[in-house]
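Okay, so the sequence shown: first residue is 894 according to our numbering, each after it adds one.
Rather than coming from a laboratory, the hints here were simulated on the basis of the structure.
The structure displayed is predicted, hence computed values, not measured ones.
Idealized CB from N, CA, C, for every residue including glycine.
Watch out, some of these pointers could steer you wrong.
Under the rule of at most 20 Å between Cα atoms (straight-line distance), these lysine to any residue pairs were calculated in the SDA-like manner [claimed, not checked]:
| # | residue 1 | residue 2 |
| --- | --- | --- |
| 1 | LYS1093 | ARG1109 |
| 2 | LYS1093 | SER1133 |
| 3 | LYS1093 | THR1060 |
| 4 | LYS1093 | ASP1035 |
| 5 | LYS1093 | TYR1159 |
| 6 | LYS1093 | THR1127 |
| 7 | LYS1093 | SER1081 |
Computed Cβ-Cβ distance ranges for the label pairs, DEER-style [to be verified]:
| # | residue 1 | residue 2 | range |
| --- | --- | --- | --- |
| 8 | GLU1019 | GLU1163 | 18 to 28 Å |
| 9 | ARG937 | GLU1009 | 55 to 65 Å |
| 10 | SER1063 | ASP1142 | 33 to 43 Å |
| 11 | THR925 | THR990 | 49 to 59 Å |
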Amino acid sequence: MTQYDPVTPSGDALALVTIVVGSLLVVLFAFTLGRSYWLARDDRRCAARRDDRRSELLTRLYGPDPDWTSWVDGLDAADRTVVRSLVYTQLRWVRGTERERLRDLASVLGLDARAERLFASERRYERLQGLTWLALLGRPVDAETVLDRCRDHPDTRAAGARLLADTDHSEARPVGTELLLAPGRPLSVLGVDTLYQLYKHDAAELVAWATRERERWDESLFIQVLDVFGECSTVGPGVSLEWVLAGLDAASPRVRAAALEALTGYGWRESVRTAVVGEREAPFSHREEREPLVRRTAYRLYGEWATPDALDRLAEAVWRDPDDRARVEAARALQRADCLSTVGTGERAPTDGASGTDHVVAWVDATAGVDG
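All chains, please: the whole structure from these sequences, using the hints.
Take a look at the structure:
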């Protein structure tokens, strides 16, 4: 039987492989080092270019006459790209005359025309870019055009409504509200803030929308609208709050809590006080309301109103609520109303030997202003 010896590479072959691999590593190292050097140099040049253009822009912006046209005419393509970026950044925080001057510069750079082209795009991302630029530039857009081009996605709906709000469009409320609330789905952070911007000074139209449409909303959207309504200026006595009061009977404890929060500024309405505090038994006491989250919210509300009935409910809660956090919340509410010292005295003293409350009162009193 024929025997075969294993083939072993010769010393010359190993040396050749070593040389080739080593050479490749040296070349790769040199390439990486060189590329890093050139990239760093380009970064330094770009940073220097940006600093120079920023200095020139600010000098002209705050000078007597910016003369944007002659300045832009003297810029090359790279400089114009840098200036566009600077305009985008500066427009987000400057106000007054300087903002109008920056908008003039944007027009010289052709940014207003570019924003309109982007807004007309079929691509959602480009439309969002266009909406952002139009809002920054304060460019008015036809409300029906916004409604037509923005209704296909929650992001464009919120951005379209914000554009109408930021440009003080006469149709900002009806069209913006339709964009935000008509789908009946939860809003983005931008959508929630835009809804607030639309109604922060007068929420009567928002109340009309909620009264008519709330049955179609899911729980999250209902809570968001309640939160926004609670932050707006209070509406007059002729505006119905039945849609908020209906939330007090909702199956979801999150909705009940949000409805209570929304009523903070309406303690002057008898119908609201009756629904929240009650005439004989508090609807949100531990005997009637099973969820500690809702009771804690109610106790904060009682403290804000600080009516005699509300304070009595809080004193009872400090003594009898089975949830420790709820008892602390009630004690803090009494403290904010400067009535914590009355717990356990006079008419608010327990009559059946309830105990275990002194430490709650003492702790809340000792930690005032620390964690409350």
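Okay, the hints, checked on the actual structure:
1. LYS1093 x ARG1109: violated, 23 Å
2. LYS1093 x SER1133: Status holds; Cα separation ~17 Å.
3. LYS1093 x THR1060: holds, 16 Å
4. LYS1093 x ASP1035: Distance of about 23 Å is beyond 20 Å: violated.
5. LYS1093 x TYR1159: This hinted pair holds, its Cα atoms lying about 16 Å apart.
6. LYS1093 x THR1127: Satisfied, since the Cα-Cα distance of roughly 9 Å is no more than 20 Å.
7. LYS1093 x SER1081: Holds, at roughly 18 Å.
8. GLU1019 x GLU1163: 18 to 28 Å: violated, 54 Å
9. ARG937 x GLU1009: 55 to 65 Å: The hint (55 to 65 Å, Cβ to Cβ) is violated, given that ARG937 and GLU1009 are roughly 36 Å apart.
10. SER1063 x ASP1142: 33 to 43 Å: holds, 38 Å
11. THR925 x THR990: 49 to 59 Å: holds, 51 Å
Violated hints, listed in ascending order, are 1, 4, 8 and 9; each of the other numbered hints is respected by the structure.
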